[in-house]
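Student: Which chain is which? The protein sequence lines are Y and F, in order.
Going by my numbering, the first residue of the first sequence is number 14, and it counts up by one from there.
Going by my numbering, the first residue of the second sequence is number 14, and it counts up by one from there.
Worth flagging that the hints you see were computed from the coordinates, not collected in a lab.
Incorrect hints may have been included.
What the hints assert, rightly or not - In the SDA-like style, the derived pairs of lysine to any residue whose C-alpha atoms are separated by at most 25 Å in a straight line are:
hint	chain 1	residue 1	chain 2	residue 2
1	Y	Lys151	F	Val135
2	Y	Lys29	F	Val135
3	Y	Lys376	F	Phe252
There are 2 protein chains.
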Amino acid sequence: MRLSRYFLPILRETPKEAEIVSHRLMLRAGMIRQEAAGIYAWLPLGLRVLNKINAIIREEQTRAGAVECLMPTIQSADLWRESGRYDAYGKEMLRITDRHEREMLYGPTNEEMITEIFRAYVRSYKDLPLNLFHIQWKFRDEVRPRFGVMRSREFLMKDAYSFDLTAEAGRHSYNKMFVAYLRTFARMGLTAIPMAAESGPIGGSLSHEFIILASTGESEVYCHKDFLSFAPPPAGIDFDDAAALEAVVAQWTSRYAATSEMHDEAGFAAVPEEARLAARGIEVGHIFYFGTKYSEPMKAVVNGPDGKEVVVQMGSYGIGPSRLVAAIIEAGHDDNGVIWPEAVAPFHVGVADLKVGDAATGKVCADLVQQFENAGLDVLHDDRDERPGAKFATLDLIGVPWQLLVGPKGLAEGRVEVKHRRSGERELLAPHDAATRIISAVKQALA
Amino acid sequence: MRLSRYFLPILRETPKEAEIVSHRLMLRAGMIRQEAAGIYAWLPLGLRVLNKINAIIREEQTRAGAVECLMPTIQSADLWRESGRYDAYGKEMLRITDRHEREMLYGPTNEEMITEIFRAYVRSYKDLPLNLFHIQWKFRDEVRPRFGVMRSREFLMKDAYSFDLTAEAGRHSYNKMFVAYLRTFARMGLTAIPMAAESGPIGGSLSHEFIILASTGESEVYCHKDFLSFAPPPAGIDFDDAAALEAVVAQWTSRYAATSEMHDEAGFAAVPEEARLAARGIEVGHIFYFGTKYSEPMKAVVNGPDGKEVVVQMGSYGIGPSRLVAAIIEAGHDDNGVIWPEAVAPFHVGVADLKVGDAATGKVCADLVQQFENAGLDVLHDDRDERPGAKFATLDLIGVPWQLLVGPKGLAEGRVEVKHRRSGERELLAPHDAATRIISAVKQALA
Chain Y
14 MRLSRYFLPI LRETPKEAEI VSHRLMLRAG MIRQEAAGIY AWLPLGLRVL
64 NKINAIIREE QTRAGAVECL MPTIQSADLW RESGRYDAYG KEMLRITDRH
114 EREMLYGPTN EEMITEIFRA YVRSYKDLPL NLFHIQWKFR DEVRPRFGVM
164 RSREFLMKDA YSFDLTAEAG RHSYNKMFVA YLRTFARMGL TAIPMAAESG
214 PIGGSLSHEF IILASTGESE VYCHKDFLSF APPPAGIDFD DAAALEAVVA
264 QWTSRYAATS EMHDEAGFAA VPEEARLAAR GIEVGHIFYF GTKYSEPMKA
314 VVNGPDGKEV VVQMGSYGIG PSRLVAAIIE AGHDDNGVIW PEAVAPFHVG
364 VADLKVGDAA TGKVCADLVQ QFENAGLDVL HDDRDERPGA KFATLDLIGV
414 PWQLLVGPKG LAEGRVEVKH RRSGERELLA PHDAATRIIS AVKQALA
Chain F
14 MRLSRYFLPI LRETPKEAEI VSHRLMLRAG MIRQEAAGIY AWLPLGLRVL
64 NKINAIIREE QTRAGAVECL MPTIQSADLW RESGRYDAYG KEMLRITDRH
114 EREMLYGPTN EEMITEIFRA YVRSYKDLPL NLFHIQWKFR DEVRPRFGVM
164 RSREFLMKDA YSFDLTAEAG RHSYNKMFVA YLRTFARMGL TAIPMAAESG
214 PIGGSLSHEF IILASTGESE VYCHKDFLSF APPPAGIDFD DAAALEAVVA
264 QWTSRYAATS EMHDEAGFAA VPEEARLAAR GIEVGHIFYF GTKYSEPMKA
314 VVNGPDGKEV VVQMGSYGIG PSRLVAAIIE AGHDDNGVIW PEAVAPFHVG
364 VADLKVGDAA TGKVCADLVQ QFENAGLDVL HDDRDERPGA KFATLDLIGV
414 PWQLLVGPKG LAEGRVEVKH RRSGERELLA PHDAATRIIS AVKQALA
């Protein structure tokens with residue numbers, strides 16, 4: 014992508030309204046723009062990150078056996094009356110009346126709708142287990158939206174819904190998502206700690222929040238330090254192997270971990286003092302097992318092996334991709350801007366032409382861009398007629414992991430400068446060697 | 014994808030409520046489910062097609078220089094008061110009041126919001142031309158939604174918005190989209206004919222609708238038959254070459270073509286009788302050049318080369334991906350089901366194991382699936398314990414372009430059956446030859 018033809022509206026000044034670093038940096042880096050309270054437009058740079066997060070989520074959901082669909086944003090109130098949640102949901106639900114005076118709403122979640130879809134089609138236990146997910150915009154009319162996309166009213170959510178014949182099978186489905194979530198967050202460079210959680214308006218008896226530690230986190234959390242060194246489950250894990258999944262879940266629930274709501278002083282005191290971690294955390298995922306809470310009132314039943322009707326067991330599993338963009342920034346930034354992990358970086362590499370108009374730098378930049386594109390990397394080519402300082406600042410602010418600075422002085426000696434955003438290390442290399450080095454580093458990071 | 018683990022709820026009976034073939038087939042093939050009047054859930058098969066259509070649109074928009082962003086679905090009424098459209102838009106606009114009694118709406122289109130984004134950031138003519146697009150759900154509260162996703166209330170739209178310094182540059186931006194649209198529809202196997210159109214509530218002086226011919230089309234259209242044999246612009250066309258684009262547009266506007274609204278009996282009578290085509294058509298795209306209609310009241314200005322403020326020239330460009338799914342089916346189906354072009358087919362190839370449980374057919378199917386996946390094809394592996402007849406019917410109904418039927422009798426002679434959905438041709442080949450043949454045919458179709 015040539016920056017002169019891109020839309021990257023960098024702000025020089027730090028916006029006053031932004032209270033936390035991710036919100037400030039997302040505004041400054043031209044990733045988002047507020048269109049109304051808690052409602053944001055995703056500018057091109059922000060959208061690139063959001064899409065990369067979605068792609069990782071989608072891959073891991075699919076690997077765990079979930080099948081993607083896409084439900085609409087607008088739902089009928091009648092559906093929510095069936096489950097009893099229409100009146101219970103309160104003012105966070107955005108209620109709408111259409112031109113025919115029908116009561117509608119902007120979906121804050123989809124348990125009712127997916128149960129309606131399930132009961133319309135599935136008749137036999139032979140079609141179970143089933144897990145359907147979608148990635149769709151939701152709306153929750155928060156009283157006080159804040160922190161940018163961290164707590165917005167219109168937000169993107171991946172929500173999956175599992176259907177099983179028995180509680181035991183339902184537990185296996187829950188574990189699949191538990192394991193998929195560990196992998197999903199690890200691939201984004203995050204250490205997410207599963208914590209026993211209250212199930213709130215979704216309901217049910219078993220629930221975990223996935224929390225990443227960050228000083229700006231919304232809630233206090235307490236956990237054992239061992240979580241920081243647990244290895245995430247491998248890509249090759251067999252999701253059909255219930256025992257293998259149970260072992261992963263057992264490990265990741267073997268140490269104390271709780272949000273303030275569920276905190277138990279005595280339990281935490283039992284953790285050796287040097288292993289106690291009290292910190293602030295950001296919720297990036299939440300999974301629920303709620304059995305027949307929706308399937309019972311909404312009559313989602315299948316014929317069991319003996320021909321008798323069985324009410325199906327359900328769970329639901331949420332991740333907030335829009336909020337994750339902010340959470341990843343909270344976990345990775347410095348005074349100069351964002352530090353993206355390669356897996357979600359909007360561009361893997363930036364090529365800055367330090368003397369636009371110079372035939373030599375122009376040629377080398379074009380060749381490098383071509384090499385990176387051929388290797389499947391996302392490249393930002395800064396071909397703007399700007400001072401070198403502005404180019405360095407832009408690449409740092411938007412967090413491009415690998416930066417190649419191509420100037421006439423270096424080229425006179427056959428060298429370009431490679432800069433690694435995270436470590437700050439710089440090195441002078443021949444253009445071809447620089448490209449090879451970067452391609453190999455990015456491919457390794459994405460593997 | 015193993016069908017036993019997929020969610021493909023085929024309907025045996027033709028739903029009564031569906032008046033047109035695309036709606037019937039989308040319901041029967043388990044592509045969509047109605048959740049409320051004019052509001053549909055996209056089941057996994059439907060979503061696959063929708064995503065492929067989006068990918069083609071995105072590629073061609075990007076090739077033409079447009080940059081992707083993503084605006085929210087909910088907008089503030091104030092924005093629409095600035096342009097004067099809030100009161101003018103009427104009952105098709107879904108109006109919403111939030112918990113703080115603020116007037117909001119579900120965006121039916123985004124001219125106002127994109128103008129607000131533009132004016133917030135862009136100051137100089139040097140940042141032009143600019144074209145921003147997004148693919149986002151829209152809502153238009155139609156009195157009588159019908160024909161499934163062809164005329165729904167919640168629908169997906171790709172809308173692009175161009176900003177230019179001069180009317181001439183604005184015309185070039187318009188031509189870029191005109192050419193991109195010809196390529197976009199051609200890649201989906203459609204012949205879309207640009208027709209001079211009324212600009213309606215979007216406004217402006219220059220507008221073309223892109224219409225495909227289909228007997229179930231919503232409007233009568235009149236055109237010269239030459240359109241059916243015009244070649245679409247090549248992939249390598251230079252979008253910066255204003256003259257080259259103007260030549261394409263000149264060719265595609267050189268013959269009579271009009272919807273009934275713009276129909277001119279005398280003009281049509283001047284077409285040689287054997288070249289006159291009066292038919293029904295489906296609108297799949299609509300582009301507008303409206304100059305300063307929004308930029309003037311909303312004060313979207315840049316500093317020109319002479320330092321003076323210039324009100325920017327704008328256009329907007331819409332394609333309906335959700336409606337396109339239906340339009341492609343209207344253009345391609347037979348009594349047995351859908352006939353997808355490879356470019357948008359949910360799966361390129363179906364591998365039907367005709368004797369599930371048989372070691373030999375199982376092994377051959379697994380090997381074939383692996384070969385196709387390695388080649389990057391999307392494969393549906395029918396591993397259900399079902400009669401062969403049900404498997405053939407399913408593959409035909411959902412329109413899989415290439416079908417491989419693997420049964421014990423054929424295998425005894427070292428053969429599998431290859432069936433081509435569109436032509437109906439069948440051939441017995443060795444498994445490896447069948448795979449090679451299909452991979453090469455699909456790659457050629459996608460090239």
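Student: Is Lys151 of chain Y within 25 Å of Val135 of chain F, Cα to Cα?
Tutor: The given pair, whose Cα atoms are some 30 Å apart, is violated under the 25 Å limit.
Student: Given the proposed pairing of Lys376 of chain Y with Phe252 of chain F, does the C-alpha separation stay at or below 25 Å?
Tutor: holds (22 Å)
Student: Would you check the hint for Lys29 of chain Y and Val135 of chain F, treating anything up to 25 Å between C-alpha atoms as holding?
Tutor: holds (20 Å)
Checked against the numbered hints given earlier, this structure breaks only hint 1.
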